[in-house]
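Student: Given chain A's structure and the hints, the job is docking chain B onto it.
Top to bottom, those sequences are chains A and B.
Note that the working numbering gives residue 168 to position 168 of the first sequence, counting from 1, and the numbers run on in steps of one.
Note that the working numbering gives residue 167 to position 167 of the second sequence, counting from 1, and the numbers run on in steps of one.
Possibly wrong hints are sitting among the right ones.
[Claimed, not checked] Pairs of lysine-lysine residues, derived as DSS-like cross-links and limited to a Cα-Cα distance of at most 30 Å, are as follows:
| # | chain 1 | residue 1 | chain 2 | residue 2 |
| --- | --- | --- | --- | --- |
| 1 | A | K69 | B | K72 |
| 2 | A | K89 | B | K71 |
| 3 | B | K30 | A | K180 |
| 4 | A | K126 | B | K51 |
| 5 | A | K69 | B | K30 |
| 6 | A | K59 | B | K30 |
| 7 | A | K14 | B | K71 |
| 8 | A | K69 | A | K15 |
| 9 | A | K56 | B | K30 |
| 10 | B | K168 | A | K69 |
[Said to hold, decoys possible] To give an idea of the interface, some chain B residues facing chain A are shown, with a C-beta separation under 8 Å as derived from the structure:
| # | residue |
| --- | --- |
| 11 | L37 |
| 12 | M41 |
| 13 | K44 |
| 14 | V45 |
| 15 | T62 |
| 16 | A167 |
[Said to hold, decoys possible] A partial selection of chain A residues facing chain B, derived with a Cβ cut-off under 10 Å:
| # | residue |
| --- | --- |
| 17 | A11 |
| 18 | Y21 |
| 19 | D26 |
| 20 | V37 |
| 21 | Q51 |
| 22 | D52 |
| 23 | K59 |
| 24 | D62 |
| 25 | R65 |
| 26 | K69 |
| 27 | L86 |
| 28 | S121 |
| 29 | L167 |
| 30 | N172 |
| 31 | L174 |
No lab work stands behind these hints: they were computed from the structure.
Positions of the beta carbon are idealized from the N, C-alpha and C atoms, including for glycine.
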Amino acid sequence: MKNLTDIEIIASVKKGNHSDYTLLIDKYKNKEFSLLVRMLKNEMESEEILQDCFLKAFKSLDNFRQESKFSTWFYRIVYNTALTRLSSKKREIELEMSSLENHLDIKSEYDYQETEQKDVSKFIHKLIEQLPVKYASVINMYYLDNMSCEEISQAMETSLANIKVMLHRSRNALKDQLIKNNYAEEIL
Amino acid sequence: MIELSDEILNNYIDGELDPYKLSELREHLKNSESDSLRLAMLQKVHRELGKLEPLEVSNNFTCIVMSKLQKKSKVFRMDRFFIFSISIVFLIILLAIICFLFLMSFSQQSDTAQNVRVINNYLIFITNVSSSLKGLMTQKNISIIGSILSFSIIIAGYLFLENQRHAKRNLSKIL
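The shape of chain B in the complex, shown without the other chains:
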């Protein structure tokens, strides 16, 4: 005689009982009215749950999602375009400066000895800049530079957050 737990009944409903347990269960149910009732109740629950109908969203749901999607991707495209154009402008300016410097030096100096002198001048200039930077990095100066940098970071952070807040406000207006 098997002990008829709820788990066995559930497994029976799910068709997960092996043939041996299945025949044992059927035998048992023939002799037990209370367990047959339990099974009938469970089957009723199973059938009723199978009849569940999905709830429906409002009629214009899809339109709302798609319009939100379009607006969001428009803002995203605008942001991307803005960042891309700013980067391009900076890159062009940087390239122009570099090209200008090289053109200036090489167009004025035609022979090789003079070119070497120009390069040496550049190297001397870079060495001077690095040595003056080294001079700045004393214990006293470094704390001043640190303070200035921290202050700049705070200001930049504030400006960034303000910009974000502004963008968010604009986005919510659009949406």
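So here's chain A without its partners, still in its complex pose:
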């Protein structure tokens, strides 16, 4: 297994070693797949789109100027492709993404079952699936990919303040659900 940085891999691919592109694919496929599944809520569709995104990125490698990290640049491709797919499916994402003035309100379909089990982790993970697209994307990039808020704002082409607000609101919404569903005793 070669231990190359993204920049070294890209340089090698540009030189004609196309097989090195597999290193980039292997590095990012699962993380990007998680993001797509959280956005599109469909695993098969997400995998197809991810394949297209890798092809698109390969074709555009010459345009990658290394002003940002490859991961941020690629996230932007994936995120924008997913948004395009969502809008082509005529989902009301703008409404769902909710402007920052709107209150983020998620309902738990699992209240009844989960209250009996009192499995906090499971409960939180189920709630994440209900987060609106943009919020779920921020959570995915921040926690799963360990991206900083600055990198997320570059990838999502949104202001840093908006990213922080979305991150905080997501956490608050999850916390409110925990309180509402009487998980306090489990946690304390």
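Tutor: Leaving out everything else, chain B in the frame of chain A:
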């Protein structure tokens, strides 16, 4: 006494509180059970989110992408080769015609006076062509020429689209 908003709690979790606000918050939490609970809940959420595991794509995902990539670049190379060869053929034909004309005229005419005459003949020919083109550009003729050109463009466009559709079909067969 500080008013403990969710934003302050989130900033605390992110380590973005300044030392003054931090000590104030700690003091406040000692006396407020409900706010301590809120913070504990938020920290739990933060910890659980940190435990998120990536979902996994199918096992042959990388192979599929790489084979698609190879096929696409093969088609792209073939297209490029086709365009390049066609251009080369046209260029060679054009160069051959030009060379032939010059060779013909200069090999037959050896002295300078005759060369000048040949050049003059070319100039007369070009003048005649341009004057006949000028004659064509009357108000009546121009509409006929325009119609013919539009028709040709439509036919060419149709043929181009058909060609594209055919290429796309072939590509999807390969993929």
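Student: With reference to the structure, classify each hint as holding or not holding.
Tutor: Structure-based check of all given hints:
Taking the CA atoms of K69 (chain A) and K72 (chain B), the gap is near 26 Å; set against the 30 Å cutoff, the hint holds. Pair hint K89 (chain A) plus K71 (chain B) holds up; C-alpha atoms about 29 Å apart against a cutoff of 30 Å. At roughly 23 Å between alpha-carbon atoms, K30 (chain B) and K180 (chain A) fall within 30 Å of each other, so this suggested pair holds. Our distance criterion of 30 Å between C-alpha atoms is met by K126 (chain A) and K51 (chain B), whose separation comes to about 14 Å.
For the proposed pair K69 (chain A) and K30 (chain B), the alpha carbon gap of about 43 Å is over 30 Å, so the pair is violated. Of the supplied pair hints, the one linking K59 (chain A) and K30 (chain B) is violated, its CA atoms being roughly 58 Å apart against a limit of 30 Å. A distance of roughly 18 Å separates the Cα atoms of K14 (chain A) and K71 (chain B); the hinted pair therefore holds under the 30 Å criterion. Between K69 (chain A) and K15 (chain A), the direct Cα distance comes to roughly 20 Å. Compliance with the 30 Å bound is thereby established for this hinted pair.
Restraint check for K56 (chain A) and K30 (chain B): the C-alpha separation of about 55 Å exceeds 30 Å, so the hint is violated. At roughly 34 Å between alpha-carbon atoms, K168 (chain B) and K69 (chain A) are farther apart than 30 Å, so this suggested pair is violated. Restraint check, L37 (chain B) versus chain A: the minimum CB separation of about 6 Å is within 8 Å; hint holds. For M41 (chain B), the interface hint holds, since its Cβ comes within 8 Å of a Cβ in chain A; the closest pair sits about 5 Å apart.
Given the 8 Å rule on beta carbons, the hint for K44 (chain B) holds: about 5 Å separates it from the nearest Cβ of chain A. For V45 (chain B), the suggested interface contact is upheld, since its CB lies about 5 Å from the closest CB of chain A, less than 8 Å. At its closest, the beta carbon of T62 (chain B) sits 5 Å from a beta carbon of chain A; the interface hint therefore holds under the 8 Å criterion. The closest approach between the C-beta of A167 (chain B) and any C-beta of chain A is roughly 17 Å, which is over the 8 Å cut-off, so the hint fails.
Look at A11 (chain A): its Cβ only gets to about 18 Å from chain B, farther than 10 Å, so that hint breaks. Hint status for Y21 (chain A): holds, given a least beta-carbon distance of 7 Å to chain B, under 10 Å. About 6 Å separates the beta-carbon of D26 (chain A) from the nearest beta-carbon of chain B, less than 10 Å, and the hint is met. With a least beta-carbon distance of about 5 Å to chain B, the hint placing V37 (chain A) at the interface is held under the 10 Å criterion.
The beta carbon of Q51 (chain A) comes within 5 Å of a beta carbon in chain B, closer than 10 Å, and the hint placing it at the interface holds. Interface restraint check for D52 (chain A): the shortest CB-CB distance to chain B comes to about 9 Å, inside 10 Å, so the restraint holds. For K59 (chain A), the shortest C-beta to C-beta distance to chain B is roughly 8 Å, which falls under 10 Å, so the interface hint holds. Violation of the interface hint for D62 (chain A) is found here, the shortest Cβ-Cβ separation to chain B being roughly 13 Å, above the 10 Å cut-off.
Residue-level restraint check for R65 (chain A) is violated (minimum Cβ-Cβ distance to chain B is 22 Å; threshold 10 Å). The closest approach between the C-beta of K69 (chain A) and any C-beta of chain B is roughly 18 Å, which is over the 10 Å cut-off, so the hint fails. Evaluation of the L86 (chain A) hint against chain B yields a violated restraint, the C-beta minimum of about 18 Å exceeding 10 Å. Taking 10 Å as the C-beta cut-off, the interface hint given for S121 (chain A) holds, the closest approach to chain B being about 6 Å.
Restraint check, L167 (chain A) versus chain B: the minimum CB separation of about 8 Å is within 10 Å; hint holds. Interface restraint check for N172 (chain A): the shortest CB-CB distance to chain B comes to about 5 Å, inside 10 Å, so the restraint holds. Look at L174 (chain A): its Cβ gets to within about 5 Å of chain B, closer than 10 Å, so that hint holds up.
In summary, the numbered hints that this structure violates are 5, 6, 9, 10, 16, 17, 24, 25, 26 and 27.
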